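Those protein sequence lines, which keep their order, are chains A and B. Read in order, the letters of the first sequence are residues 434 to 548 in our numbering. Read in order, the letters of the second sequence are residues 12 to 126 in our numbering.
Simulated from the structure, these hints should not be mistaken for laboratory data. Every value quoted in this text rests on a predicted model; they were computed, and no experiment measured them. Think of the CB as a built atom: it goes at the ideal place given N, C-alpha and C, for glycine as much as any other residue. Some hints could be false.
Reference excerpt, derived from the structure (chain A facing chain B, CB under 8 Å, subset only) [unchecked claim]:
{"no.": "1", "residue": "Q475"}
{"no.": "2", "residue": "F538"}
{"no.": "3", "residue": "G539"}
Here are the simulated DSS-like pairs of lysine-lysine, each with C-alpha atoms no more than 30 Å apart in a straight line [as the list claims (entries may be wrong)]:
{"no.": "4", "chain 1": "B", "residue 1": "K81", "chain 2": "A", "residue 2": "K535"}
{"no.": "5", "chain 1": "B", "residue 1": "K22", "chain 2": "A", "residue 2": "K535"}
{"no.": "6", "chain 1": "B", "residue 1": "K81", "chain 2": "B", "residue 2": "K64"}
{"no.": "7", "chain 1": "B", "residue 1": "K68", "chain 2": "B", "residue 2": "K81"}
{"no.": "8", "chain 1": "B", "residue 1": "K68", "chain 2": "B", "residue 2": "K22"}
{"no.": "9", "chain 1": "B", "residue 1": "K68", "chain 2": "A", "residue 2": "K482"}
{"no.": "10", "chain 1": "A", "residue 1": "K482", "chain 2": "A", "residue 2": "K501"}
{"no.": "11", "chain 1": "A", "residue 1": "K494", "chain 2": "A", "residue 2": "K535"}
{"no.": "12", "chain 1": "B", "residue 1": "K22", "chain 2": "B", "residue 2": "K81"}
{"no.": "13", "chain 1": "A", "residue 1": "K535", "chain 2": "A", "residue 2": "K501"}
{"no.": "14", "chain 1": "A", "residue 1": "K535", "chain 2": "B", "residue 2": "K64"}
{"no.": "15", "chain 1": "B", "residue 1": "K22", "chain 2": "B", "residue 2": "K64"}
{"no.": "16", "chain 1": "A", "residue 1": "K482", "chain 2": "A", "residue 2": "K494"}
{"no.": "17", "chain 1": "A", "residue 1": "K535", "chain 2": "A", "residue 2": "K482"}
{"no.": "18", "chain 1": "A", "residue 1": "K535", "chain 2": "B", "residue 2": "K68"}
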Amino acid sequence: AQSVTQPDIHITVSEGASLELRCNYSYGATPYLFWYVQSPGQGLQLLLKYFSGDTLVQGIKGFEAEFKRSQSSFNLRKPSVHWSDAAEYFCAVGPLNTGFQKLVFGTGTRLLVSP
Amino acid sequence: DAGITQSPRHKVTETGTPVTLRCHQTENHRYMYWYRQDPGHGLRLIHYSYGVKDTDKGEVSDGYSVSRSKTEDFLLTLESATSSQTSVYFCAISESATSGNNEQFFGPGTRLTVL
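Modelling step: build the complete structure from the supplied sequences, incorporating the hints.
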């Protein structure tokens, strides 16, 4: 069965520093991959997605993610973190060409931004 | 933002009582989903719908039922609420299931407390 692992429950980054959030997936084929962000008390907002093609994907709010098939990873990066980026981040994987998309989510990584 | 509303936004109820949560969309998307979010578990799919009157179970469907009589509305019912169903419930929608437009958009959530 497909699964998503986000190994870091919490990460603290200084404002202005770079950020990398890890995501590993287990799936038999190349999946659809997503990163969502959830601010406190809010729903989830899509940051970016990967379906095929270029393995480096640009998203909103200055985020990017790189799909690495050999490592089954889809890590999220940002070169300079802002205090407003403090939130919880979820990686998700969806099936490809199975007739219906059901997303499987990781358990999330909570990002804290220190001044 | 996608036009998704959830009602109520907050509810406190007692064990054994029935509870219905409503998700309403104005996007005319075919697919609708109900998730629950719990610490340490991320988001888990409860039920989903792929059209009017067409629904199916997700990974944590026990104790829940759904109905979809109109494209825009997807109801989640807890027939007899239990304390283990205390959670935050999110509705999501997607336009497609297998094409490039299959990302899911999330509502603001309903916080349910079962005493």
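Hints and how they fare:
1. Look at Q475 (chain A): its Cβ gets to within about 7 Å of chain B, closer than 8 Å, so that hint holds up.
2. The beta carbon of F538 (chain A) is positioned within 8 Å of a beta carbon in chain B (closest approach about 4 Å), and the interface hint is therefore held.
3. Taking 8 Å as the C-beta contact cut-off toward chain B, the hint placing G539 (chain A) at the interface holds, the least distance being around 6 Å.
4. Among the hinted pairs, K81 (chain B) with K535 (chain A) is consistent with the structure: their alpha-carbon atoms are about 21 Å apart, no more than 30 Å.
5. Of the pairs offered as hints, the one joining K22 (chain B) and K535 (chain A) holds, with about 27 Å between alpha carbons and a cut-off of 30 Å not exceeded.
6. Distance restraint check for K81 (chain B) and K64 (chain B): the Cα-Cα separation of roughly 8 Å lies within the 30 Å cut-off, and the hinted pair is therefore satisfied.
7. In summary, the hint linking K68 (chain B) to K81 (chain B) is supported, as the alpha carbons are separated by about 19 Å, within the 30 Å threshold.
8. Of the supplied pair hints, the one linking K68 (chain B) and K22 (chain B) holds, its CA atoms being roughly 24 Å apart against a limit of 30 Å.
9. Taking the CA atoms of K68 (chain B) and K482 (chain A), the gap is about 25 Å. The hint holds against a cut of 30 Å.
10. Only pairs whose Cα atoms come within 30 Å are accepted, and K482 (chain A) paired with K501 (chain A) is accepted, the gap being roughly 14 Å.
11. For the proposed pair K494 (chain A) and K535 (chain A), the alpha carbon gap of about 26 Å is at most 30 Å, so the pair holds.
12. The straight-line distance between the Cα atoms of K22 (chain B) and K81 (chain B) is roughly 24 Å, inside the 30 Å bound, and the hint therefore holds.
13. Distance hint between K535 (chain A) and K501 (chain A) is fulfilled; the C-alpha atoms sit about 22 Å from each other, no more than 30 Å.
14. For the hint pairing K535 (chain A) with K64 (chain B), the CA-to-CA distance comes to about 18 Å; that is within 30 Å, so the pair holds.
15. In summary, the hint linking K22 (chain B) to K64 (chain B) is supported, as the alpha carbons are separated by about 26 Å, within the 30 Å threshold.
16. Distance check on the hinted pair: K482 (chain A) and K494 (chain A) sit about 14 Å apart at the alpha-carbon level, within 30 Å; holds.
17. Proposed proximity of K535 (chain A) and K482 (chain A) is supported: the alpha carbons are some 15 Å apart, at most 30 Å.
18. For the proposed pair K535 (chain A) and K68 (chain B), the alpha carbon gap of about 11 Å is at most 30 Å, so the pair holds.
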